[in-house]
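Engineer: Please build the complete structure, drawing on both the sequences and the hints.
The residues making up each chain are set out below.
4 protein chains.
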Amino acid sequence: MSQQEQPQPRLGPIEVATVETLSSDPPVPDLVLADVFLRQHGKQSTDQQQQPSTVRAFYASSKPERLYFSSTRQLHAAVVTCGGLCPGLNNVVRAITLTLHHEYHVQRVYGIQGGWHGFNDKEYPPMILTPESVDSVHHQGGSFLRTSRGGLDLDKVHTFLTKYQISLLFILGGDGTHRGAYKVHEHCRTTNLDVAVVGIPKTIDNDIDYIDRSFGFHTAVEAAQASIRTALVEAKCTVPNGIGVIKLMGREAGFLAAYAALGSGGDVDAVLVPEVPVVLEGPDGILPFLQRRVLEKGYAVCVVAEGAGQELLEAIQETEQGSGNKKLPPIAEYVRDEIIKFFDKVGSECRMKYVDPSYSVRSQPANAADSLYCIQLGTGAVYGAMAGYTGFSVGRVNNRIVYIPIPQLVATSPRFMNPHGEIWQQILSTTGQPSPLKKTQSEAES
Amino acid sequence: MSQQEQPQPRLGPIEVATVETLSSDPPVPDLVLADVFLRQHGKQSTDQQQQPSTVRAFYASSKPERLYFSSTRQLHAAVVTCGGLCPGLNNVVRAITLTLHHEYHVQRVYGIQGGWHGFNDKEYPPMILTPESVDSVHHQGGSFLRTSRGGLDLDKVHTFLTKYQISLLFILGGDGTHRGAYKVHEHCRTTNLDVAVVGIPKTIDNDIDYIDRSFGFHTAVEAAQASIRTALVEAKCTVPNGIGVIKLMGREAGFLAAYAALGSGGDVDAVLVPEVPVVLEGPDGILPFLQRRVLEKGYAVCVVAEGAGQELLEAIQETEQGSGNKKLPPIAEYVRDEIIKFFDKVGSECRMKYVDPSYSVRSQPANAADSLYCIQLGTGAVYGAMAGYTGFSVGRVNNRIVYIPIPQLVATSPRFMNPHGEIWQQILSTTGQPSPLKKTQSEAES
Amino acid sequence: MSQQEQPQPRLGPIEVATVETLSSDPPVPDLVLADVFLRQHGKQSTDQQQQPSTVRAFYASSKPERLYFSSTRQLHAAVVTCGGLCPGLNNVVRAITLTLHHEYHVQRVYGIQGGWHGFNDKEYPPMILTPESVDSVHHQGGSFLRTSRGGLDLDKVHTFLTKYQISLLFILGGDGTHRGAYKVHEHCRTTNLDVAVVGIPKTIDNDIDYIDRSFGFHTAVEAAQASIRTALVEAKCTVPNGIGVIKLMGREAGFLAAYAALGSGGDVDAVLVPEVPVVLEGPDGILPFLQRRVLEKGYAVCVVAEGAGQELLEAIQETEQGSGNKKLPPIAEYVRDEIIKFFDKVGSECRMKYVDPSYSVRSQPANAADSLYCIQLGTGAVYGAMAGYTGFSVGRVNNRIVYIPIPQLVATSPRFMNPHGEIWQQILSTTGQPSPLKKTQSEAES
Amino acid sequence: MSQQEQPQPRLGPIEVATVETLSSDPPVPDLVLADVFLRQHGKQSTDQQQQPSTVRAFYASSKPERLYFSSTRQLHAAVVTCGGLCPGLNNVVRAITLTLHHEYHVQRVYGIQGGWHGFNDKEYPPMILTPESVDSVHHQGGSFLRTSRGGLDLDKVHTFLTKYQISLLFILGGDGTHRGAYKVHEHCRTTNLDVAVVGIPKTIDNDIDYIDRSFGFHTAVEAAQASIRTALVEAKCTVPNGIGVIKLMGREAGFLAAYAALGSGGDVDAVLVPEVPVVLEGPDGILPFLQRRVLEKGYAVCVVAEGAGQELLEAIQETEQGSGNKKLPPIAEYVRDEIIKFFDKVGSECRMKYVDPSYSVRSQPANAADSLYCIQLGTGAVYGAMAGYTGFSVGRVNNRIVYIPIPQLVATSPRFMNPHGEIWQQILSTTGQPSPLKKTQSEAES
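Chains as they are written, first to last, in the numbering used here: chain A, 1 to 446; chain B, 1 to 446; chain C, 1 to 446; chain D, 1 to 446.
Because the hints were derived from the structure by calculation, they are not lab data.
One should not assume that every hint holds.
For chains that are exact copies, the list does not tell them apart, and a pair is met inside one copy or across any two.
To be verified - As a list, the in silico SDA-like pairs of lysine to any residue whose alpha-carbon atoms are at most 20 Å apart: (1) K297 <-> S348; (2) K297 <-> E123; (3) K163 <-> F69; (4) K163 <-> R108; (5) K63 <-> S435; (6) K297 <-> S429; (7) K183 <-> G151; (8) K63 <-> F37; (9) K297 <-> S133; (10) K63 <-> Q40; (11) K297 <-> T130.
Structural biologist: Written out as structure tokens, the structure is:
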């Protein structure tokens, strides 16, 4: 009980992520600290004077007391959804529409159809969004605005913005879309278009830096757990040697696979993610591990993120084909086939139960937690734009809605899951699966 | 209002499907008519004396007033699940167990593990089923007894039946399993084993003749509809030209695909089933039809039963590879690729959204309607066995639980969906898809 | 094996339920037998010549080859939903609308708003129903046409039918509504309005005679089971002496309570329905029975249909208040309070978990099984009307869609659950609850 | 773009919430900042030197490098669940059990049955919890350990702890339970029982201070939204003047009502919570507001937290009955009746659709988001206890699992929803309902 003798942690200076503004007289924002974790080093560090590290902070979202756009009743706004589907898109679009109409009585809200392509208005004319037209869209999955990949054409966007006199532009999309959104923002600056450009980050992979989680992620985890349940039921009920393999999304980051596996409790025996090397055979190999599990309890279940084992597949590709051309190989199918071969090799037989939920994970309507988050994002996006902020993205950091400058957001996204962090350690503890990382570390120590 | 002048329809003689019995003094069963539809032919048939057709009838299940097995407290029973999973397996096993214990206080109910393999008791020792051990199994999908394909060994079954003194044997499984069950029954007859052998027909494809529907089918349709919804959301929300293709089970019969498509209402544009030839191109082709739909409304959704288009694929196989070896080709993947090619050929581009729900359709727990049905099946199976009937299967015909002699059941199973019947006609009416059948018919008439 | 010696059952003459028709030259319908159960009486009846009983038959629904209404492109139809909500209303209305438009290309389909009240078009102007406007209504619960109780005014209906030139009128509703529909039909006859009047029977209680089940019933049972689960979880997890009481709909018939209890398996300890007298205390009393259950396993769950125990409550009312005025007393609340008092009286204490799902049972969207049924009903209703039949109701009998003359339908509805039938006997067998009926019977015999 | 001229915010000193420890040489914990929101006041505050406020911090949970309990293989632990049910109880108990067994290989984990009562081991003998016995409990709602209210007897707890040699005691419960847990902790201290006592806060009302949210809350909001949907469907589909009233939990705080209403989007017209005075009539009255809504769109939906309007009911009680005895009156029923009376008074009529989901909100199995949270709580609880911390509760603060001293936790719990905070402001913005608070404030200003 000698806490008072312990070194008092100290907080460093605040480094504020400044958001650009259209106004020459911008409001003074409240702030939200991003870094809340202070590592202490006990007695061994008392002798040396520890330098407190900088604490990052973001602008807090709040209803602006002063509006940049003065006559809101003449304002025109536009909303667009880009890239793949994600639970909650309709909820965010709806919240933006309702806030613009109910709180600011703007003249018109346009829904751009089909992503960036929709700025070419001949093919996909913009919809007019009203409280009535968005009334029940949040009960449906997908995006009623429709979406597409790529297709940004700055000239067409410019033409659209001037033709429809848009002052506020809300863009829902992932990394690439955000980079595009920032180009639009810069273009508006250069050409003196007085438009507030706001991004709302969307990803089913939860791989956006800084924010607590991306919208729709809880819903996706719920759906992914249903697929794990399917594979479990099949593997568990089949003799001999049922093995379930579930392919989940996660090109760069394994959050979805890890969270779904963890949420499923002990139902999963192994998880393969992009952040941890995939080792098939040998003492740390996943194949003999799965075989041991099957021996113990009669069946096993393995979750594979689609981006796992890139290094493995590339090595195999080089060896086998002498070709190193970068393409994303289907790791889950590869693992499935290797499991079958491995059982065959050791004279056993397995019943493979392969489950690829694919679109069913992302086409769901948002669940309660995501619904609420989407409302907060939509409202925060409108508040920020009405205050005159621009070139920013809206997200939740430490349970507060904040504004993040787009360049800062895209600089470190996609983020990865820390294989030494809490989630992955709990995966290892729950599954007991071999950890190639640990070995690497201990080898380094020896 | 001249109904009285119409010819009075007449009912023909009753043809009863007689169930074998262990008893020399069998009970007199009540009957359930199987044929309830009387076709009338109006005035044009009045002059000719129409011969009334035979009316088939099955033994009605009921609680036996007289039991074949006298001292039920010494009775041993066994239950086994064979083949693929299906919603409701646990419910049926549970109902059998509860009825045996609660109504007849039998000494022991064995759960054979892992299908026919479980009769070799060393590898998979039988479980002892009690009301407590089956208490909540009906809330889980799959089969807690586990299952497998094939593996019937009459000697091992014989050894098991004598070793464990089994008097009642309940076998859940499909066509093949029922053929096996009848072999067991005949073996028992030959070797004077006094065992009532009862089959409970299980199929996710609903392709068993005579019965109203197979257990688990409602639940499977519900799950299949969820997959259709997924593909619809993706196709509808993607520009340009989103096309959803959903692969559903149905090797010989398209009931699941047809019911799920119909239940989804206008969400489906085309359904391909084994019963109707698949035509890809030309005026009746599914490819130009889907393209037209995409032109009209921006997207299209197509459901493909796994057994559809056999004749087409075989023809292609022969043409392209010069090989006619019978194997089930993956039609859904083939159609998916052909759609992409077709759009490409006509200078367009489509966004393919392929959904294969696979195991998720059959690993669900039974829904309310199926739960109830499973209870009735389990109870009926026990009643029939206790009455001394054997070599029969239990099913629902015209909403009554009946006993069907296994030879009669397997003679005409799998049954097919009538392409001139109500369901398929409603598919055609709902989707407006081209109907190769109709053309063939009209061609024949000309 | 002496079946051939058994008396051959014989079928009696067919009694066809003749449907009225607008045409002087009506089509000759196919028929569906309603009575499929043949009771046999074994040897004891061989000596006496048994008279075969009449077999009832209904007109089978089918797509008419000849239409009563010749120029369908000028036809106007109207649909109305009356009475309380029920899963599937939107599905039926949608199926009627789609069939009228897609198969007959009628000029106009009106949706009457708010039940009978909507015929007074000033307050609730009729909606125009198109394939587009009903596109996704089947994914929502309730009735998008809205509904109300009572309010039939023949003059207003007459004015509406003539003003809007309605030739086909589809009325969804219960007993009362059907009586009203028949009055409309008779009125049309009297006033020479050439209108086909079709009823589609709707009841959450499944208490309509002849038909296999009412639409929405499967969905309602599913929802009711969720409530039973809630009460079970609460009762089971609470010490000491958790008791769950679930109030379910069922004013005259206990089908919903019985089916939900049965489908929940052994989760329910007792079911109280209108068809079986409620006895509280004494050897057959439900109160000491529940207390015994609580002693045995720590908790108990009791389902109460809202119409149960009328005779008990009336007797109590008379005794206690000297007043015999007919009003439906809240039996579930009464039983709840009596359970608490009884435990108190015997020196124990119970934790009451009372669950009243009320509207949640009937406001669900239709599940897969009901969706399909609704499509068949809607299509069948249109087929019948187009053929010129009128004053009939559409339903499913032995898995076939048939037309039932409204007078015959309402004559014996609401029907009751047979307390000596299969369902109730399985309730008794599953729950082990005391059966006042049995006692009464045996007393009568002595 | 003159952010650099703005006053730089400053962070105040850190105030660490010190957790008690059994060890004389406690570990040095990492810290998590609790206060992340920095209010800035713009130019008006530049002249005055603003004092930076204290920043609170909690001990971060982490896997201890040094264990207080050395020979873990001889350790005995116990878990108990107290108070009402809540989604996720089984998940937390399971995570505690698995972590103790898998990571520390403790000798025995006891599950105390039925809350505090279970420490009297004769009536409710403790269960032995193993990885097998808890394998699938997380798929069920409720608490498989069962629970009860009250019943803490320190002597019995003492006897139990010594008899079973418990070193780690995990207590899941609400405010009252935590106060009891701290008494147990103090008792252990006083009597030199070397027991780590850990609380895991449980509340369906989300009214525990400091933490991001309480476990099970997301699941409860999901279930509550289902009830809102039921009332909406009924009110919307009924003519004339359908009004839905939904009673939700929330004795002291309206989080559940507010979150569920917000998550339901525009489906709710008014929300009554304990934190905001309920005004029935007059310009700010809820009754005329609801009537206006009904006039506008034909129906209205109102959510009532069970603890709302206490002041109103007490005032009415005093006036009408002259009695001021404190008892929680049924506000939702009161509001329901007043709505009916109000419509009656103004010569109109309403169709009341009253929905009380009661137990269905809290008896659900945990959804994906809550499942994950429960695993983190359970693991964190074990880590803290193994490190030798005691008298603390485990929770999530700014997305990190932390240890909160129980006295600090209970000092400010239940917390209230801030009626000037983001959530309530969004309720007002979404619903447009009158805000008695605003009026009061502006009145105060005038």
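Engineer: Each of the hints needs a verdict: does it hold here or not?
Structural biologist: We went through each hint and held it up to the structure:
1. K297 <-> S348: within (15 Å within a copy, 45 Å between copies)
2. K297 <-> E123: For K297 and E123, the Cα distance is within 20 Å only across copies (13 Å; inside one copy 58 Å).
3. K163 <-> F69: Classified as within: same-chain Cα gap 19 Å, cross-chain 53 Å, threshold 20 Å.
4. K163 <-> R108: For K163 and R108, the Cα distance is within 20 Å only inside one copy (13 Å; across copies 40 Å).
5. K63 <-> S435: Between copies only: 17 Å across chains, 48 Å inside a chain, cut-off 20 Å.
6. K297 <-> S429: The answer is within: 18 Å in one copy meets 20 Å, while 37 Å across copies does not.
7. K183 <-> G151: within (13 Å within a copy, 63 Å between copies)
8. K63 <-> F37: Between copies only: 15 Å across, 29 Å inside.
9. K297 <-> S133: Answer is between: at 15 Å across copies they meet the 20 Å cutoff, but 54 Å inside does not.
10. K63 <-> Q40: Intra 37 Å, inter 14 Å, cutoff 20 Å: inter-copy only.
11. K297 <-> T130: between (57 Å within a copy, 16 Å between copies)
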